[in-house]
Amino acid sequence: MHPALSIVFFTTSSGAGFSLLALLGVGAPLGLLPTSASFGVAALAVAFLLATGGLMSSTLHLGRPERAWRAFSQWRSSWLSREGVFSLLTFVPAAAFGVGWIFFGVTDGVVGLCAIVAAALSITTIYCTGMIYASLKPVRQWHNQWVVPNYLVLGLMSGCLILDFLIRLWAERSSGVALLSLIVVLVSWWMKEQYWGRIDTTSGSSTVASATTLGNRGRVRVFEAPHTEDNYLLKEMGYRVARRHRTRLRHVTRLVGFAFPGLATFLTLMVGGVTGAILAGLGVASAALGLLVERWLFFAEARHTVTLYYGADAV
Amino acid sequence: MNIAELLRDYFSPHEKVDTSPRVSDEIKFTTCYMCACRCGIKVHLKDGGIRYIEGNRDHPINRGVICGKGASGIMQQHSPAKLKKPLLRVGERGTGEFREIEWEEAIDTSVAWLSAIRREDPKKLAFFTGRDQSQALTGYWAAQFGTPNFAAHGGFCSVNMAAAGMYTLGGSFWEFGEPDWALTRFLMMFGVAEDHDSNPIKIALSGLRRRGAKFVSVNPVRTGYSAIADEWIGIRPGTDGLFVLALIHELLKADRIDLEYLVRYTNAAWLVIQAPGAADDGLFVRNETGEPLVLQPSGSLASAMTAEVTARLIGETRLPDGRRAVPVFQLVAERYLDPCYAPDAVAESCGIPASTIRRLAAEMADAAFDEAVEVPVAWTDWAGRRHQTMRGRPVSLHAMRGISAHSNGFQTCRALHLLQLLLGTIDVPGGWRYKSPHPKPCPPGPKPAGRPDQIVPGTPLPGIPLGYPLSPEDLIIDAEGRPVRIDKAFSWDAPLGAHGMMHMVIANAWRGDPYPINTLFMYMANMAWNSAMNSVETMRMLIDKDPSTGDYRIPRIIYSDAYFSEMVAFADLILPDTTYLERWDCISLLDRPIASAEGPADAIRQPILPPDRDVRPFQDVLIELGARLELPGFVTREGAPLYPGGYPDYIVNHERRPGVGPLAGWRGTDGEQAGRGAPNPHQLKRYVQNGCFWNYQLPEDQRYFKHANKAYLETAVAMGLIGSAEPIVLQVYVEPLQRFRLAALGHGSVVAPATHRERLATYFDPLPFWYAPFEEARGEPTSFPLHAVTQRPMQMYHSWHSQNEWLRQILGNNRLFVNRATGRALGLAEEDWAWLSSRLGRIRVPTKLVDGVNPGTVWTWNAVGKRAGAWNLEPGSPEFRKGFLLNHLISELLPPDGGYEFANADPITGQAAWYDLRVRIDRLAPGEPRSVAPSFEIIGGRPASLDPPPKVLRYGQRFKTRMQT
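These protein sequence lines map, in sequence, to chains A and B. Quick note, the first sequence lines up with residues 1 to 315 if you use my numbering. Quick note, the second sequence lines up with residues 316 to 1280 if you use my numbering.
Just so you know, the hints here were simulated from the structure itself, not pulled from any lab data. Here the structure is a predicted model, which means the values were calculated and not measured. You may find that some hints are simply not true.
As the list claims (entries may be wrong) - Ranges of calculated distance between the beta carbons of each label pair, as one might list FRET restraints: (1) B:P1264 to A:R240: 45 to 53 Å; (2) A:T59 to B:R526: 52 to 60 Å; (3) A:R240 to B:D659: 47 to 55 Å; (4) A:R248 to B:A1136: 44 to 52 Å; (5) A:H251 to B:T334: 50 to 58 Å; (6) B:D1262 to A:K137: 29 to 37 Å; (7) A:T59 to B:G1271: 22 to 30 Å; (8) B:R526 to A:R64: 29 to 37 Å; (9) A:H251 to B:D927: 52 to 60 Å; (10) A:P138 to B:G1242: 37 to 45 Å; (11) A:T275 to B:S1246: 40 to 48 Å; (12) A:G63 to B:S1246: 36 to 44 Å; (13) A:T59 to B:T334: 24 to 32 Å.
Positions of the beta carbon are idealized from the N, C-alpha and C atoms, including for glycine.
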């Protein structure tokens, strides 16, 4: 599939934003976070910006953005619609949580309840994002059990790293979050490897024979594609990334997306203060870059069954 | 837009979608021109533009079906390559540098050039039209000008089939005949590509398959038609004749022959003189009145034209002068029962197992004799005998260029017709039927005009330059036996060159062989590219100058085309034509009509849109030139233009013979006469009212046995289709061929030159035989072990279509298709690049391995590759970068034979032997670039009025925005 930059940015950014919101929603009522209003303002602002920035970015590739809202009506059948619905729903308790925390310094009671609900809705939103892809049968690289967990854990990873960084800016040690970050980075890495292993070792069940239902007559081959030159379908759904290029980008993801943030986080367990904050900040930046590459690959490696009609043997 | 509207756009949950929008303001009917099939179309117009094109459900040809190219006529109209103004060359030929001129100057220039030629030596004008659908006009114009040098593209398309059919049956495959699609039980189709006539064939094949009739496709390539056939016979190119003669061998051996049909309708019983060495050896035995004779069981001779005679098909007789004579059928049986035609003897050569040939012959015979069909309609034959039913043998054949485009195509096609005759399947229910206005008399007429004594400066020829010679006396040669026509048609090189030899014109004119010409005048023929054999050299010939004078060897070239094709760049004066949607046209019974076996029919085109640029219909220009040159037939006695209204005026008012004009419908002053009648001033209006066609249904009792059907023959005479109601006897044995053979043996008043004698004696066999195509027989089969053929895809016909924005999205470049096993043995990858060589040169091409092709054959789509700079396409277009032509490898001449260079053509008709090509594949050397070679210098110039090619050709936006409410 063609990796549209707006979508690559949206999924990574909103994943980070909503997971940060979820972490705040759980951490604040439990008293695990700095209680200062300034921290609340900063942390919630980052979460909101990432989440809404992502949403705004997703409307950029629409032909008629003013009609985007109508997508909300299709929640019964569409994961895209559900994602929209849950993302908006999230903002209701999140707003109450934010007001209570920032203006009244309250993070328990009703405010705490709102925070927990916001956290649950945030996670649900990320789940919906993952399901948008996992529900598409014609795309083998998306229609598998590793996609949703990947979305959840990668979102959580970016949220953790950002939270750890923010906490350090308020000059307190935060070994708890740092430890959590380290664990999540490692789990994310493992999950991504599982996902890659899965798509590399399974082959498509759809073949040109099954697509044309002519398989019972012998080996089916495409004599000529419907078009000799690129068309919309080929550009959008037949996007190909060279094997060598793909391998290199996976290494970039491993190194920049997981290894470096993991190492930085590990080091912050030992050093605090300004050095720790800088290390954590570098971790966030590195992970952001790595996740963008990871997400770009997630699209670029996916092949739609329509490519069977353009000469692909199996998808 | 006010706030309320803006908000409505955001919040109105129920958008009003017009599910049945009005798509057109007006619908106009006309006739398609995207191939030569001429389907009826409905053009939807909206806001003065073409909204879309659909098939006309009432039209007899396509019954509403439309193909990809037919529907894409819109993009033909929107092409950025459309010429906009007359052009006069200013740069060197081939550079495309022109000055735009006014029509007045263009006409004046043409008249100045042409009138000088006509005054001095009219044959110095060579007038050749390509895919011209107005040959009745262009041929007439040439005759009035007085030049014999006229032809359209038939010589490189189908003359083998047309001539073989006309000399055998008085009709032919394709344009002049069709299978009885509704009743046939067994159809064998030879070498039919899908670019042309696809709608009628698709409709017919689907009906045939639904009925459960058997369909066998014989073609080296598994085409789309082959894919839906019951059986695909992947024959080796050029061996179809051998295959068919083996079928005949089997049928003769099994005695599965319709003897009754042969005696009644053919010349199978006519007696042939057997006197080797005599001047009349091999001619028919005739009585004093010239009627051929047959042998009666009593041993006495009788005229074959007597209705009640009983004739013997086998038996020898002694003529009163003591010489031997035998019936034609005896010669047939003797020849084809020879073991050299046995399936086992031909299997290897054809690439078809002997058992398959035997089985197909048996299936054919079973269908013919065990499944005979009977139509319960009484009819009367030519002799007045009444028949209660129409009985037929439901085996039909259909053939096209795969048969035609070989140097043995004439005799191969004759073999196909012989098979039909032996099975008794010509114009019978379930068999193969004549399309009106055929059958014509057989052997055919008229004879070609243009003998030296007929070419007089300032004077018309006494007839049309194309025709059918019946003996050497009819050849267009001078007293020394040299060709008179520039293309050498109707000379000893190609005596039956009934469609001319357009493929030889440029090469001959460049050499000055047989003489130099002054002006080459062409219409709609891309002769500098995909319509030329040896295209690389052809381009050089067009720009070559005589060093002694500094003039081009072909001094002047006038060309008419609607688009900026490759050929435009090589012409001196361009007369820009309209598109087919901007002019009047007639698809006439005098030319190639839309008629079917059910009766005569013709059609017109009407202007759907006015031209939006300074162009004129070529036919209008030709008529104006005729008037300005004061050609008889184009001016009144007083010298005023005879058709001041241009082509529509001519269509309505021209009479070829009294009462017979370009259109046969609604004739007579009241418009009530069919076929023959006085010109009707309202004729075009009547056509337009009827959807632009006229379709006459013959009564039921006239639809079969037309060659011998009294009622039909009388109707045909009354309608002006034929001259007399005499029965048309089908020619198993073609006597005119023997006359040429006798001339080769030194008999007769016109004797063949020594260089040609052996050739004529060999190939002018009055009975069909098979010989290896010349490239195979005379070439180097070991150096060039593969056959190479081309075809056009269903969505493209003319080279125009590979610049059509919609069609070129489907096919923007071509690849060489190689049989998978053959390709693997050569070390080719699934998709690869390779050198393809012939004895003429080599080209570097992209290749692809495929399963559906004869192992010894490679093929590609024709005319997709284009020359950079032409057609106003973007410089990076795939047609330039990845498309290629096989034409670069096909020689127009054969290797010298006894010092004489014959055309690479059929020795009888001069048909271009495109499919005789032999090639070799070589892998690229390491490091060689994977790009098409040779690449040609870009045509740098472009007429000033042509806009640069747009990045995206947008169409339909305006309809879309207007539909939004």
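To see whether the hints hold, each was checked on the structure:
1. B:P1264 to A:R240: 45 to 53 Å: 28 Å, violated
2. A:T59 to B:R526: 52 to 60 Å: 57 Å, holds
3. A:R240 to B:D659: 47 to 55 Å: 52 Å, holds
4. A:R248 to B:A1136: 44 to 52 Å: 38 Å, violated
5. A:H251 to B:T334: 50 to 58 Å: 53 Å, holds
6. B:D1262 to A:K137: 29 to 37 Å: 46 Å, violated
7. A:T59 to B:G1271: 22 to 30 Å: 27 Å, holds
8. B:R526 to A:R64: 29 to 37 Å: 52 Å, violated
9. A:H251 to B:D927: 52 to 60 Å: 59 Å, holds
10. A:P138 to B:G1242: 37 to 45 Å: 41 Å, holds
11. A:T275 to B:S1246: 40 to 48 Å: Violated, at about 58 Å.
12. A:G63 to B:S1246: 36 to 44 Å: With a Cβ separation near 38 Å, G63 of chain A and S1246 of chain B satisfy 36 to 44 Å, so the hint holds.
13. A:T59 to B:T334: 24 to 32 Å: 28 Å, holds
Hint compliance for this structure: hints 1, 4, 6, 8, 11 are broken, all remaining hints hold.
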